[in-house]
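Q: Numbering follows this note's numbering, in which position 106 of the sequence shown is assigned residue number 106; successive positions increment by one, without gaps.
If you are wondering where the hints come from, they were derived from the structure by calculation, not from laboratory data.
Incorrect hints may have been included.
[Unchecked claim] Calculated cross-link-like contacts (lysine-lysine; reagent style DSS-like; alpha-carbon spacing at most 25 angstroms):
1) K145 <-> K70
2) K145 <-> K94
3) K109 <-> K57
4) K73 <-> K57
5) K57 <-> K145
6) K73 <-> K145
7) K126 <-> K73
8) K87 <-> K65
9) K145 <-> K65
10) K65 <-> K126
11) K73 <-> K87
12) K109 <-> K87
13) K87 <-> K70
14) K70 <-> K94
15) K126 <-> K70
16) K65 <-> K109
17) K87 <-> K126
18) K57 <-> K87
19) K145 <-> K87
20) K73 <-> K94
21) K70 <-> K57
22) K126 <-> K94
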Amino acid sequence: MKQATIIIASLFMSFFVLSCGDTSKEKPEDQQKETVNQEETDHHVKSEGFELNNGEKWLVNSEMKPFVAKGEKLINEYIANNNTEYKALAAQLKEQNSQLISSCTMDGKSHEVLHEWLHPHLEIVKELSSAETNEVANEIVVRLKTSYGMYHQYFQ
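Please work from the sequences and hints to get the whole structure.
A: As structure tokens, this is what we get:
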């Protein structure tokens, strides 16, 4: 079961990478630099936070917004109903994230900043899908709620 989860997560991440940009023209050393830069970005996001667009929220294309809203609604309903079916919640969130990614037409700095939010968010959903107890899952759900709060703080 664990291997199936890893394979599914790998396929999902591959789909994500392929749908948001063509890196096939990059040299292997450029790809390695990108991996290092992503690790630095993830650290930056976790420790220092995002930046606004000259004091304003970043624009997100309207096609993507319903999937963020639906994911947030799923989290809020899960919490409000004291639900314990966290594996089902994780699957529903993965579906919303998949649709969010496939609807992405953004580019430029707003796209980059959105990825700074999205990469850690995807990792939290991945953690939820592999949680082994309700207690651990509930902690992760709180982190997801916080993640959606960050989205609203920096994006419109």
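Q: It remains to establish, for every hint, whether it holds in the given structure.
A: Quick rundown of the hints versus the structure:
no. : hint         : result
1   : K145 <-> K70 : holds, 13 angstroms
2   : K145 <-> K94 : holds, 15 angstroms
3   : K109 <-> K57 : holds, 12 angstroms
4   : K73 <-> K57  : holds, 21 angstroms
5   : K57 <-> K145 : holds, 19 angstroms
6   : K73 <-> K145 : holds, 10 angstroms
7   : K126 <-> K73 : holds, 18 angstroms
8   : K87 <-> K65  : holds, 24 angstroms
9   : K145 <-> K65 : holds, 16 angstroms
10  : K65 <-> K126 : holds, 21 angstroms
11  : K73 <-> K87  : holds, 16 angstroms
12  : K109 <-> K87 : violated, 34 angstroms
13  : K87 <-> K70  : holds, 17 angstroms
14  : K70 <-> K94  : holds, 11 angstroms
15  : K126 <-> K70 : holds, 18 angstroms
16  : K65 <-> K109 : holds, 18 angstroms
17  : K87 <-> K126 : holds, 10 angstroms
18  : K57 <-> K87  : violated, 33 angstroms
19  : K145 <-> K87 : holds, 16 angstroms
20  : K73 <-> K94  : holds, 14 angstroms
21  : K70 <-> K57  : holds, 20 angstroms
22  : K126 <-> K94 : holds, 8 angstroms
Of the hints listed earlier, those the structure fails to meet are numbers 12, 18, in rising order.
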